[in-house]
Each structure stands twice: as C-alpha cells, then as structure tokens.
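Respectively, the protein sequence lines represent chains A and B.
One point on numbering: in my numbering, the residue at position 167 of the first sequence is 167, and numbering is uninterrupted.
One point on numbering: in my numbering, the residue at position 66 of the second sequence is 66, and numbering is uninterrupted.
FYI, nobody ran anything at the bench for these hints, they're computed from the structure.
Every residue, glycine too, gets a C-beta built ideally from N, C-alpha and C.
Please note that a few of the clues may not be correct.
[Stated by the list, open to error] Examples of chain B residues lying across from chain A (beta carbon under 8 Å, computed):
1. Thr-27
2. Asn-109
3. Lys-191
4. Pro-208
5. Glu-269
[What the hints assert, rightly or not] For each label pair, taking beta carbons as the anchor points, the in silico distance ranges come out as:
6. B:Asn-205 / A:His-43: 51 to 59 Å
7. B:Lys-258 / A:Glu-241: 26 to 34 Å
8. A:His-238 / B:Asn-117: 29 to 37 Å
[Stated by the list, open to error] Listed below are the simulated SDA-like cross-link pairs for lysine to any residue, each with C-alpha atoms no more than 20 Å apart in a straight line:
9. A:Lys-59 / B:Gly-78
10. B:Lys-149 / A:Lys-59
11. A:Lys-59 / B:Gly-235
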Amino acid sequence: MSASFSAEEMMTVAAARLLSNRAVCFVGIGIPSTAANLARLTHAPDAVLIYESGTIGAKPSVLPLSIGDGNLAETADTVVSTPEVFRYWLQGDRIDVGFLGAAQLDKFGNLNTTVVGSYRNPQVRLPGAGGAPEISYSARETLIVLTQSKRTFVEKLDFITTAGFLNRRNAGERSGPFGKGPVAVITDLCILRPDAVTQELMVAHIHPGVTRQTIGARTGWAIKFAPECDETLPPDVHELEVLRALKARTAAAYGVQGVVA
Amino acid sequence: MADWMELREAVAAFVHDGDCVALEGFTHLIPFAAGHEIIRQQRRRLSLVRMTPDLIYDQLIGAGCAARLTFSWGGNPGVGSLHRFRDAVEHDWPAPLDIDERSHCDLANAYVAGASNLPFAVFRGYAGSDLPSVNPRIRSIECPFTGEKLAAVPSVRPDVTVIHAQKADAKGNVLLWGILGVQKEAALAAKRVIVTVEEKVESLNAPPNSCVLPSWVIHAVCETPRGATPSYAHGYYERDNRFYRAWDGISRDREKFKQWVDRFILGTENFSEFLALQSELENKAVAL
C-alpha cells in the first residue's frame, strides 16, 4: 500500500533505510539526525547514535535543534567530553557509519561547507568544518544526505572541506587507515553510489516519479546512471507514520516561532 | 584560590584589551552573561577562541570587540547563519576579522594539549581537506614509530577562559554536569579562569569522578543566575530556542543589531537587568 509523500520524506526514509540495526553511527545535525532517528524508531532499534557533543547512545524523543540539546544528554547511555568523543570514540575506530550533510558536493563525494567563492574574499561564508573532516576520515563508511540542485551538485568545489574520494589522480595522497568513504549519497531525487573502479558517484536508484531528465537538470556535471539503476521503493505507511509523528512531536516541543525583543 | 566577586569586577580585573579569550560551552552552559559584560566594558582587539562561535561571539564580533577568531563551526544551531560573523568575514564590518579556522577534532585536541602544557596536538585528520592550504597553523608530523603522517596543530593557551557551571561552594570549588564540551580543558589551558555559576551552595555533594574544578585553578567565581541564557543549564533551565530564532532577525541588519546592543547590553547595568528587560518585553508581547 502506498501513500502520498513529499520529496523530503522520500529522502529521509531512503537515508534511514541505509542505516542497519546495531550500527554505531556518528550523526550530524539536520536531515542526517532525522534519518538516523527514523531508523532507530523503525527497523534499527539497536542502532547507536553518537553526537559530537559527546552523547553516546542518544535516544531523543524529539529531534534536537542543536547538536548539544539537553534531550540528547538525558537519553544517552553516557555523556563524554568533546575531546573524548573525537579521540577515543571516533579516532578510536568505534564508528561504523558517519552520517553527514553538506552545502555542496562534487562527483567524487568531496564536500564543501566552508566558502562559496575565494577563501579570503568569499561570496558566501558557510559555517565551516565542524566534525566532518575527521568523521569522514575515521568512520568505516559515510552516508551523505543533501538536496540536489545545480547549486549543491557542482562540477568543481570552491573549497574541499571534507575529502570523499578526492579524485583518481590524487586519491593516493590519503594516508593512514581510513574507511570506505562515502558509500551512498541520498538526495530528494535519487540515491547515488560510487562506481567500483572510478569511484565517481553514479545514480543507482531513482525515487518514484522522478525522471532522468530532472536529475540531469539538477546536477552541475554530466551525471552518469549505473547500468543496474532502478526505482527506489516508496516510503511505506509505517515509515511515513513514524516520521510524521516524530516531526509533529518536535514541532510541538519547540512551539511556534516567536520573536522576542 | 578563587575569589567570589561580581562579574563586573572579574571582567575588569582579568580580561584585558588584546587578550586571547576563550568563552567555552558546547551548546550547553554558554557563558552569555560574561560575553555581555565584555561588550559592556568595551574590550577591544580580542583574539577569540571557541569551537562554535554561536550567538555569544556573533554579539562580541558585531560589537567590535574582536580582531581574530579561532573556531571550527560558525553557524546559528538549528537556525542558519551567524550574520555578524559573516558580515565581518565578507565585508570587514565593523572591523576586519582575522580567522584561524580548524575542525572540531582539531580544536578539541588543541585544548587538551594546552591543558597538558604541550606545545602542539597530534591527531589523525584533515586528509584531503583544503583547510591546511589556507591555515598555516595546520601542519603535519611523521609518527617516529610507524611513519604515519598525522595532523599537528599548536595548542590553545588562552590568556583567560570563561565558563559557566551549575554550582560552586563557599570556597569556590566548581561543579558542572551534562554536556561538558571542552570546558575543563579550556579552563586548565588558560592563564586566568573566570567561572560564572547558577548558584552558590554550602556543599557540592559531588560523587567521586564528577567534573569538579577545584578552587585553586580558578581566579574568580561569580554567582550569575541564568548566566547561560539563551543557551541552557542542565537541571536549571532549558534552551531559549525562540531567542536563537529571533537572533536571525536582530542580527541580519547592522542598524537593528546596533540598536539591540545599545538597548540590551550597553543600556543595562548587568545581566540581571538585561534579563528583567527581556522578560518585561516578552510579557508585553504576550499581553498584546
């Protein structure tokens, strides 16, 4: 049985499905956090959610607005300091999946969250790295979630904040142990996976109702489709119910947007 | 040994023009009252250090207190941009801001190195990132045992660190709990330490292994109820998410921001007066 759903709901559900039960997941704020919690509330009840504020095994009842919300601390198995979370838990090779968002991405899964334009004289100053460079480096694999458009899917990044696969020419520069890198990119249109040989991201699953033309028009490079490319399973009724209830609880907890002063 | 004093006296005594200042607190326990007092006393040319500049440094930057910013994630959490930070970086307003940009993992390690009295921190990071190419402080070192190339960054050693905590006893021993961020490391890395607390208590009643900063590593402790507002203090009050959203509108426009600083910070004597003014306006808004 299918129900109507938004593109964002499809993206969130598709991302959630890629998190397996019992996976230890280092979670970024925003859609990654929504997807990770949806996974925890559906097929992956024993997934371990770790936020960079040091909350390990967080089980928030509503979605956190910031990465250090009290609800994360109250529902966590343990709360450790920020140095500890990065040193013992991330660098300590205890993270299965890093779940990241980004402002921009290129065809090799490299991410920009630093600047649009030149670094010294930016057109747009973005928030910066946060935990992403080391999450990408130390997690055994990463999942990337972002909305797809010509602004977000670019041929060449103005700045590489976080390395994905770099490109074939300089991929060898990565040193030391590191994981598989971005194994999937989940957007509001499709799911991309890296080609086994070139590591270039290819469309592997197209969300229901989305055409190849739309994907092409909303990508800043000549995007390729994997030979076995198929359609993403639409969200089922249960996934939508749980996601909508989670969002409703979150909206109720934060109240309406008020303006003070 | 910490002295109990008014926040105004502590800032006057321990925060000087040109100092390297860290006001830490990872979303939780952000020392807003101290940030306001630094603006009120019109400190200038500060080198600010904070993993997440948050609203507190947006205010200090917009008010013209900062010459340099060391940071790792500069957004308004859950809302969007820090407009005063962006205006300083994009348009040099109100003054050029020299930025020393790192990752979270880097700064967390750099504080640990500072607290450990080491010259630099070493960790596995930045591989493939462009950040080392724009920040000469981010370098690398070869492991003498395995030959692995590792990231190396100078330790953070603030002239003064300010943190907010839940409790302190009469002697000035401080207890904090919940999300601890890098507060302990930032305090122990600094030459001078100011702690604002929710309340002064007879005894901390802290179980062993609690996060307690003993009085003798602190210079000033200041009773400052609600001193982390609009962030939160676990066990005392929640995050004022409405203010974080409202800040987007206040900070987007230079004039509106200046009016806000004039009225709410420069126009008030201290943080309790600021809170009273804010709640008076909130009540009026509700009554309308």
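Item checked: Hint check against the structure, violated hint numbers in rising order -> 3, 4, 5, 6, 7, 8, 10
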